[in-house]
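Generate the whole structure from the sequences, applying the supplied hints.
For reference, the chains in residue letters:
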Amino acid sequence: MSSTAYTVGRDQAFPWRSALIECAITAFIVLMLAITMVGIHLETVLGGLAIATRFADVGVAVVFAFIGRLALVAMREGHPLPALIGATAAAVLGVFVPPIDIVAAILQALGAEAPTPTPVLQVMQVAGGAILAVRAAWLVWRQRGSAGRRAERGRSLDAFAAGMRGWTTLIGPIAIVFAIALPFIFDNRSRIDLATLVLTYIMLAWGLNIIVGLAGLLDLGYVAFYAVGAYSYALLGTHFGWSFWICLPLAGVLASSAGLILGFPVLRLRGDYFAIVTLGFGEIIRVILLNWFEFTGGPDGISGIARPSFFGLAEFDRSPPEGVTAFHELFGLEYNGIHRVIFLYYLILVLALFVNFVSMRVRRLPIGRAWEALREDDIACQSLGINRRNIKLAAFMFSAGFGGVAGSFFATRQGFISPESFQFIESAIILAIVVLGGMGSQAGIVLAAVLMIGMPEIFRDLEQYRMLAFGALMVVIMVWRPRGLLSHRDPSVRLHPPPPRQLWPFTRLPKPSAAPAEKAAGQ
Amino acid sequence: MEYFLQQLINGLTLGSIFGLIAIGYTMVYGIIGMINFAHGDIFMVGGFIALMSFLVLGLAGITWVPLALAVVLVISMVFTSIYGWTVERIAYRPLRGSFRLAPLISALGMSIFLQNYVQLLQGARSKPLPPVIQGGFVLMESDTGFTVTISYVQIMIILLTVILMLAFTSLIAKTSLGRQQRACEQDKLMASLVGVNVDRTISQTFVMGAMLAAVAGTMYLVRYGVIDFFEGFVVGIKAFTAAVLGGIGSLPGAMLGGLLLGLIEAFWSGYFSVEYKDVAAFGILVLVLIFRPSGLLGRPEIEKV
Chain A
616 MSSTAYTVGR DQAFPWRSAL IECAITAFIV LMLAITMVGI HLETVLGGLA
666 IATRFADVGV AVVFAFIGRL ALVAMREGHP LPALIGATAA AVLGVFVPPI
716 DIVAAILQAL GAEAPTPTPV LQVMQVAGGA ILAVRAAWLV WRQRGSAGRR
766 AERGRSLDAF AAGMRGWTTL IGPIAIVFAI ALPFIFDNRS RIDLATLVLT
816 YIMLAWGLNI IVGLAGLLDL GYVAFYAVGA YSYALLGTHF GWSFWICLPL
866 AGVLASSAGL ILGFPVLRLR GDYFAIVTLG FGEIIRVILL NWFEFTGGPD
916 GISGIARPSF FGLAEFDRSP PEGVTAFHEL FGLEYNGIHR VIFLYYLILV
966 LALFVNFVSM RVRRLPIGRA WEALREDDIA CQSLGINRRN IKLAAFMFSA
1016 GFGGVAGSFF ATRQGFISPE SFQFIESAII LAIVVLGGMG SQAGIVLAAV
1066 LMIGMPEIFR DLEQYRMLAF GALMVVIMVW RPRGLLSHRD PSVRLHPPPP
1116 RQLWPFTRLP KPSAAPAEKA AGQ
Chain B
639 MEYFLQQLIN GLTLGSIFGL IAIGYTMVYG IIGMINFAHG DIFMVGGFIA
689 LMSFLVLGLA GITWVPLALA VVLVISMVFT SIYGWTVERI AYRPLRGSFR
739 LAPLISALGM SIFLQNYVQL LQGARSKPLP PVIQGGFVLM ESDTGFTVTI
789 SYVQIMIILL TVILMLAFTS LIAKTSLGRQ QRACEQDKLM ASLVGVNVDR
839 TISQTFVMGA MLAAVAGTMY LVRYGVIDFF EGFVVGIKAF TAAVLGGIGS
889 LPGAMLGGLL LGLIEAFWSG YFSVEYKDVA AFGILVLVLI FRPSGLLGRP
939 EIEKV
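So the protein sequences, as listed, match chains A and B. For the first sequence, this note's numbering begins at 616 and goes up steadily by one. For the second sequence, this note's numbering begins at 639 and goes up steadily by one.
Keep in mind that the hints were calculated from the coordinates and are not lab data. The structure displayed is predicted, hence computed values, not measured ones. One should not assume that every hint holds.
Stated by the list, open to error - Heads up, incomplete: computed chain B residues facing chain A, CB under 7 angstroms, no partners named:
(1) Met690
(2) Phe717
(3) Ile720
(4) Ala740
(5) Ile743
(6) Met748
(7) Asn754
(8) Asp916
Glycine is no exception: its CB is placed at the ideal position from the N, C-alpha and C atoms.
Here it is in structure tokens:
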């Protein structure tokens, strides 16, 4: 069809000169970036600092930058095949021979001192090579250069997202069934713990989604409500001995009230002013928790928080105190510590699904419609006679309440809380999940949470690179897909009825220029 | 009285540093309307590069303090501005024109990345720098033996800030670069139609912001003698608060906000409690925003329907 439009430059000679200049500039920038931070290492020694140099690493990084850029240029100019071969070779080579070893060998041959190896460069080579190879392979497969790729990719992913939405009716239950079966599939404590962690973030993100995704208010201090919930249960539980099952809803109510109190002063603010004030509230609450020793235990936090019982019927201990049934006895099982882990997993699953259920239903209530109206246009919303103050406060309260419930779950799961757990970075992670998933998309949040929380945890071996990768992933996903993974601009009401729902989400969308007849045939 | 004066001096010094960083926030906000969360980390990178250059200069035998300081400032500004440029190029430029939250999340990611990048490469421990400049003037001595001093470092910080502010204001007001920036701030499309290279102007904004942050980082290092990878976040948030306090998008506002915030912190720590100084800073921010929702010197946003 119109594939000729994409092959511009394919038959022309490769522009070596400009390509090499471009690569040299990239390499120079990497050199300037790396020469300080990578090249010089500040070592703490007795009585101050000493300097060690790592110029071999800088050199390797610069070479990587040059080669990587060359591969990108080759792809852009319509020669993806050499790029594919080169990138694959580099990645494969990287798996077996660490690049610094090659440098060390060369340096030794020259009679210089061998550098100490760092695994970073190897990771860079393998990962970078793999990414470039995938990209090149894609181009080879589509038989074109990258011209026009961006818009087209956006469209095909939009179609995927729309298709996914069509499938949510099907995928939703499948996912829930999978989640229910998960403890039996992975009979492994650490896996279930990880799943619990992911679910906690999913619940928090679903809660935050009400205020960010539905009401369109950028809240950077969500962790404040999480903290209020956690400390409510921790304090009520340790001081008054109140049971978890009483405190769970109570924590929600208390956090909700905190949302109401914090919501009032920010009602007039909009946009980024709102964001910075919520961030400020988050920090204020954390600082208070940190410094009000008498009440919160300060930096030591609160320990010895009671674990939940089995709905007040039985305890999960091996030998509970007199007069209390043990869980394994109640069900006639062998005692196993994993029972509690599984119970906690199901608890958070139910809580998260509850949040999802409530927010899906509330969305269809007048107040949910009002939130969406507020998100789309503040002034129009007011002109329609919607009371902005009330709906903003309601959004705050809903969101905060769910955060509080999640917080009290966190407290009971950990058995110990301290202000350390409620830093700004948590708010940022939760917000990132909401935005990366595609604003307002419930399924997108699940996907993003699994990706952002689950993936780094699986690569535990590279623990020190975890947060580095996390940050990089946030940037990459945003650059790659600015509206979030599963976003699509589908109006809820259409003038013309929508085309029949696409069942298979991987179908390629017809090009926009395609004739209507072709479109019909494509389905 | 003596105590008050001392806190005033301390507050002004701290406020100058906040102000220099706040300018970076406010300029970026003015021109592309995003909170550059990574700016605080650029400040931290600036501090680290300054520390490295101090050590290298020490090894090279340059120990005459004014020369060493000048060289360190230049090195730090050059290398930090490359970081600023790269951050913009990688994380923000591809997101130009996409929806509002995308660059914000990208900036958060960049901030996390930079923190961990520095932590990984330089270690998590805080790095000390022995005092470079010592001594100062005794301004006043009270009967109780309490002396009010202003150290040379403090004088240097305040002077440097004043000079940079003057230079910067005239840069924005008089040069063609400044005109281009103001044009982009008002209307990017129109600016590009009259021949302003918008992308380049935005890059220049980031470079300038990073340079000021590098100066602030160097000053901070010289004044407090220690830097670690997490420093940027805390100081960055404060500086952003300062920018909002003064009215985001306004250069004098950023400086005013910075000074105010520095003074609030110094006086609160001096008279009430050190622990709650952050609460005081954010509390004042909330109060100001309740009564003046667009900051002290910010222009109120005109809402068009």
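We went through each hint and held it up to the structure:
1. A least Cβ separation of about 5 angstroms between B/Met690 and chain A falls short of the 7 angstroms threshold, and the interface hint therefore holds.
2. Hint on B/Phe717 holds. Least Cβ distance to chain A is approximately 5 angstroms, under the 7 angstroms limit.
3. For B/Ile720, the suggested interface contact is upheld, since its CB lies about 5 angstroms from the closest CB of chain A, less than 7 angstroms.
4. Interface hint status for B/Ala740: upheld, as the beta-carbon distance to the closest one in chain A is roughly 4 angstroms, under 7 angstroms.
5. For the restraint placing B/Ile743 at the interface with chain A, the shortest Cβ-Cβ distance is roughly 5 angstroms, inside the 7 angstroms limit, so the hint holds.
6. Residue-level restraint check for B/Met748 holds (minimum Cβ-Cβ distance to chain A is 6 angstroms; threshold 7 angstroms).
7. Below 7 angstroms, beta-carbon pairs count as interface contacts, and B/Asn754 has one with chain A at about 4 angstroms; its hint therefore holds.
8. The criterion of a C-beta within 7 angstroms of any C-beta in chain A is met by B/Asp916, whose closest approach is roughly 5 angstroms, and the hint holds.
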